Amino acid sequence: EADIYQTPRYLVIGTGKKITLECSQTMGHDKMYWYQQDPGMELHLIHYSYGVNSTEKGDLSSESTVSRIRTEHFPLTLESARPSHTSQYLCASSTQGDTEAFFGQGTRLTVV
Amino acid sequence: KNQVEQSPQSLIILEGKNCTLQCNYTVSPFSNLRWYKQDTGRGPVSLTIMTFSENTKSNGRYTATLDADTKQSSLHITASQLSDSASYICVVTGAGTYKYIFGTGTRLKVLA
Numbered sequence: 001e002a003d004i005y006q007t008p009r010y011l012v013i014g015t016g017k018k019i020t021l022e023c024s025q026t027m028g029h030d031k032m033y034w035y036q037q038d039p040g041m042e043l044h045l046i047h048y049s050y051g052v053n054s055t056e057k058g059d060l061s062s063e064s065t066v067s068r069i070r071t072e073h074f075p076l077t078l079e080s081a082r083p084s085h086t087s088q089y090l091c092a093s094s095t096q097g098d099t100e101a102f103f104g105q106g107t108r109l110t111v112v
Numbered sequence: 113k114n115q116v117e118q119s120p121q122s123l124i125i126l127e128g129k130n131c132t133l134q135c136n137y138t139v140s141p142f143s144n145l146r147w148y149k150q151d152t153g154r155g156p157v158s159l160t161i162m163t164f165s166e167n168t169k170s171n172g173r174y175t176a177t178l179d180a181d182t183k184q185s186s187l188h189i190t191a192s193q194l195s196d197s198a199s200y201i202c203v204v205t206g207a208g209t210y211k212y213i214f215g216t217g218t219r220l221k222v223l224a
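Residue numbers (this note's numbering), protein chains in the order written: chain A, 1 to 112; chain B, 113 to 224.
No wet-lab data here; the hints were simulated from the structure. Everything numeric in this text was worked out from a predicted model, so none of it was measured. A virtual CB, placed ideally from N, CA and C, is assigned to each residue, including glycine. There's no promise every hint is true.
20 Å max Cα-Cα, derived PhoX-like pairs, lysine-lysine [said to hold, decoys possible]:
hint	chain 1	residue 1	chain 2	residue 2
1	B	Lys183	B	Lys169
2	B	Lys211	A	Lys57
3	B	Lys211	B	Lys183
4	A	Lys57	A	Lys31
5	A	Lys31	B	Lys183
6	B	Lys129	B	Lys221
Here are some, though not all, of the chain B residues that point toward chain A, as calculated from beta-carbon distances under 8 Å [what the hints assert, rightly or not]:
hint	residue
7	Gly153
8	Arg154
9	Gly155
10	Pro156
11	Ser158
12	Tyr212
13	Phe214
14	Gly215
15	Thr216
What follows is a list of derived Cβ distance ranges for each label pair [as the list claims (entries may be wrong)]:
hint	chain 1	residue 1	chain 2	residue 2	range
16	B	Asp151	A	Ser80	38 to 46 Å
17	A	Asp38	B	Leu123	17 to 25 Å
18	B	Phe164	A	Thr26	29 to 37 Å
19	B	Leu194	A	Tyr10	21 to 29 Å
20	A	Thr7	B	Ser158	20 to 28 Å
21	B	Ala180	A	Ser54	25 to 33 Å
22	B	Gln193	A	Thr7	29 to 37 Å
Work the whole structure out from these sequences, hints included.
This is how it looks when you write it as structure tokens:
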């Protein structure tokens, strides 16, 4: 069982609201990732971090932002949610050796 | 063009039967290949991980094979169970990169 947690699991909010999706891991992993996945589609990397104070944008352009102030936390923020942000967001972490990536359960976001 | 292609897209089998899922990739240079199982609405869970020097790896009823020369991998599921119904995702990591390249997955449905 992976020790990586995402909250909330489900979120329905109105357009224009600011939201933060939480991701925490207790494995001491340096690398953390955020992926976006639409139903039946592959995962797309939107943000990643190599460690504290390190954040980079991924392959898929996203209006969200992330921060990495502590090793164990990697929150994702949308300043003004839109219906186009409706998707599943998956957080993952891995060791520097990159032999294993552990995923959280995901947050299913619906913007109405 | 996706660098990791999976087939079939979807598959329906009867409980107790075996099945084989395919993954072809063009990622080069290659570091490792993972198979993940993703239940609907959940995060992916790792089944196996193989480096270029490994040809086969088993995890219970799941057996993965890798041919690094032809850039092909397969996941064989033996004596399928209803709980095997999920998406199975092939993920390839290039050497010297942080990036996981995800396939689109094979959606497996096991019927009683």
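inquiry  = Run through the hints listed earlier and report the numbers of any the structure violates, in increasing order.
reply    = 5, 16
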